[in-house]
Each structure stands twice: as structure tokens, then as C-alpha cells.
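*Asks:* Sequence:
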Amino acid sequence: MSIKSDRWIRQMAKSHGMIEPFEAGQVRHCKRGERRISYGTSSYGYDVRCAREFKIFTNINSAIVDPKHFDESSFVDFTGDVCIIPPNSFALAHTVEYFRIPRNVLTICLGKSTYARCGIIVNVTPLEPEWEGHVTLEFSNTTPLPARIYANEGVAQFLFFESDETCEQSYADRAGKYQGQTGVTLPKA
Numbered sequence: 001m002s003i004k005s006d007r008w009i010r011q012m013a014k015s016h017g018m019i020e021p022f023e024a025g026q027v028r029h030c031k032r033g034e035r036r037i038s039y040g041t042s043s044y045g046y047d048v049r050c051a052r053e054f055k056i057f058t059n060i061n062s063a064i065v066d067p068k069h070f071d072e073s074s075f076v077d078f079t080g081d082v083c084i085i086p087p088n089s090f091a092l093a094h095t096v097e098y099f100r101i102p103r104n105v106l107t108i109c110l111g112k113s114t115y116a117r118c119g120i121i122v123n124v125t126p127l128e129p130e131w132e133g134h135v136t137l138e139f140s141n142t143t144p145l146p147a148r149i150y151a152n153e154g155v156a157q158f159l160f161f162e163s164d165e166t167c168e169q170s171y172a173d174r175a176g177k178y179q180g181q182t183g184v185t186l187p188k189a
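Residue numbers for the sequence shown, in my numbering: 1 to 189.
These are calculated hints, taken from the structure and not from any lab test.
Treat the hints with care, since some could be wrong.
Have a look at the derived ranges for each label pair, beta carbon to beta carbon [as the list claims (entries may be wrong)]:
hint	residue 1	residue 2	range
1	Ser62	Pro21	38 to 46 Å
2	His16	Pro126	15 to 23 Å
3	Glu72	Glu165	37 to 45 Å
4	Thr125	Ser73	20 to 28 Å
All C-beta atoms, glycine included, are put in the ideal place defined by N, C-alpha and C.
Turn these sequences into a full structure, and let the hints guide you.
*Replies:* Here it is in C-alpha cells:
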């Protein structure tokens, strides 16, 4: 397996629709010249943005968190350009970008250091060969203070690893339960 470079990422986005919408370079400023958290192609990865739809975890109903029987009332839906995550809590969002992972590629999602330096952690997760969809992201606020997440700005980096052989069974072959997801997708048993 080898990690793939910016040239490979641009080629795969163009020829296979691997990332849509796709930004070939790094975007750091908006039109008014304001600083933003960068997104787009980096040296060996792709920095994704989160969309404006968030699910913020709440303990209002004192529900038990159970991945086999998840209670949707544990979240408050919010749409906006800035999401405030309560102290020691988390929020879910999804990428602006839609991914189509090739059969011989494994993709890993990591947090950006800008958020990590503020105590905001993005869950590390794989995108398996032939998985496709919007990626549901989880942001944990590990601080005792409220924390901001900015929609339509960089929030996580994806790394692409290409194998020299094709897997015997891909995520699509197994009809994985998160295949083709759009929007924020909650746990499925």
C-alpha cells in the first residue's frame, strides 16, 4: 500500500468522480479576504468541509446511548454557518463532498490540527473500498467551554492509500449499511 499524492487525487477526482464537488488546490480565503480554515487538495490528502446541517448531542431526555437502539431524541437538529457544541459534548455533521472510493483504495479520515489545538477532535474513521456517500463526521468538544465548528470550511483531512492488489470483497459487495448515505446518518444496528 502507498499513500497517494496531490497529483493522484486530482487525477482520480477528474477521471472517476472520486470527490464531488472537488477543489484542485487549497482554499484559504473567502471573497472578502477573510481568513478561513483551509480546504481542498493538500500534498498527500484532501481537506473536506462540513455542510450546514448539524445534530448536537443533548442529555435533555436522559436517554442511554446505545448503538444498537439509538434514540434520535438524543440530538437537537441545527442548521447554520456556525455550530456551537456544548462543553464535553459532541455534534454530528456531514461532508459537503460526496465520495466514490475506488475498489483498490482505503481512505482514512483524520482531524485538522487547527481544531485539535482547540480541543475539538474529529473521529478517525475509514472509508472502505467501493464505499460512496457523504461522510458523517463526529466532532467531540473535549473542553469545559462551548466550541465552534464552521460550516463550509475545512474540518478534516482524508488520506488515500492505494493497494497493489484489489480486495476480494468491497463495501459495495457486502451491501454495507452506510452505502450511498446522504446527510447526517445516525448509527444503524
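*Asks:* 37 to 45 Å was suggested as the range; check whether the CB atoms of Glu72 and Glu165 agree with it.
*Replies:* holds, 41 Å
*Asks:* Using the Cβ atoms, figure out if Ser62 sits within 38 to 46 Å of Pro21.
*Replies:* This hint holds: roughly 40 Å between Cβ atoms.
*Asks:* If I claimed the Cβ atoms of Thr125 and Ser73 lie 20 to 28 Å apart, would that claim hold in this structure?
*Replies:* Holds, since Thr125 and Ser73 (Cβ atoms, about 24 Å apart) stay within the stated range.
*Asks:* Just to be sure I understand the hint, the distance between the Cβ atoms of His16 and Pro126 should be within 15 to 23 Å; is that true here?
*Replies:* holds, 19 Å
Checked against the numbered hints given earlier, this structure breaks none of them.
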